[in-house]
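Keeping the supplied structure of chain L fixed, place chain B upon it in accordance with the hints.
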Amino acid sequence: MVLLDNDVVRMDWKKAKSIVMDTVTKYDGTLKSCRRWDERRLAYPMNRKNRATFYLTYHEIPSDNIPAFRRDLELNERVLRYLILAVDEVPEEELKLAAEEDGADYMVPEPPEDDALEIPEEEDEEDVADIVGDIEAPSAVEDVDDNA
Amino acid sequence: MESNAMKRRVRTVIGSKNCDDPIIDYKGTEYLEKFLTPQGQILSRRRTGFCTQCQKQLKTAIKRARHVGLLPFVG
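Top to bottom, those sequences are chains L and B. Numbered by the numbering used here, the letters in the first sequence go through residues 1 to 148 in order. Numbered by the numbering used here, the letters in the second sequence go through residues 149 to 223 in order.
All clues given are correct.
SDA-like cross-link-like pairs, simulated, lysine to any residue; straight-line CA separation at most 20 Å:
1) K175/B / E39/L
2) K211/B / A86/L
3) K175/B / L56/L
4) K204/B / L85/L
5) K182/B / L42/L
No wet-lab data here; the hints were simulated from the structure. This structure is a prediction, so every number in the text was calculated from the model and none was measured.
One chain only, chain B, in its complex shape:
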């Protein structure tokens, strides 16, 4: 029988951004797509590994990209 520790899901963290890096640009769609689920939802901070400020930058950039049609709202 597997222990609880074995059952625990291991999730990889995607992001690797220092807070000193330049602000996330909404035009960099290839970078932003990494932080979207196949359904087009923004990944949580737990998955991205970003701090509060960086996650907020990411959210803003993705929403701007969605507005100008660079990224989809759904799917």
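Only chain L is shown next, with the shape it has when bound in the complex:
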């Protein structure tokens, strides 16, 4: 998994994707699956960025090239962080999702602003009205006291 800078993703998704793909191929690696996993707010800022695009790849790289591969990712300023794990096989779901992304119909949603807050969608208008009602209730009592 590679965390990409949202500024690159905003400019050009293909360019952002090639950052990882080129690095893998540079070190004699073979890509099996690669896709945009998600775009999320980070739990803590990295390189002064609060959000990042998570890019998930499955690839094979000769073990001798892995230290150089790691170093290349670390030196790349567009890569906020990476995580390399060893897996036995590529999950079938990943292959399907990667194939869907490679299709011509796939559109990458533009990442929101770095400081954009995530507003929960669960709140209904009725809930908001209840909350407003709860807040206004004490002021009504104060008015009664003033009149008395």
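What follows is chain B alone, placed relative to chain L:
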């Protein structure tokens, strides 16, 4: 006066995982968050109810998620 048995704290066990289930994934943050305290610490085996292997899987998954910024280290 309350007996010692009454005073004893009753703590609910959170986890319900069979060892045959697939390995805990570091990307499943909603599931992993259940095993963190409000301060971001990993719950003990006593609280999670996991066996040794499953607790170790949980620990590894949470630490991986922290590394990639999916979960906080503190708070």
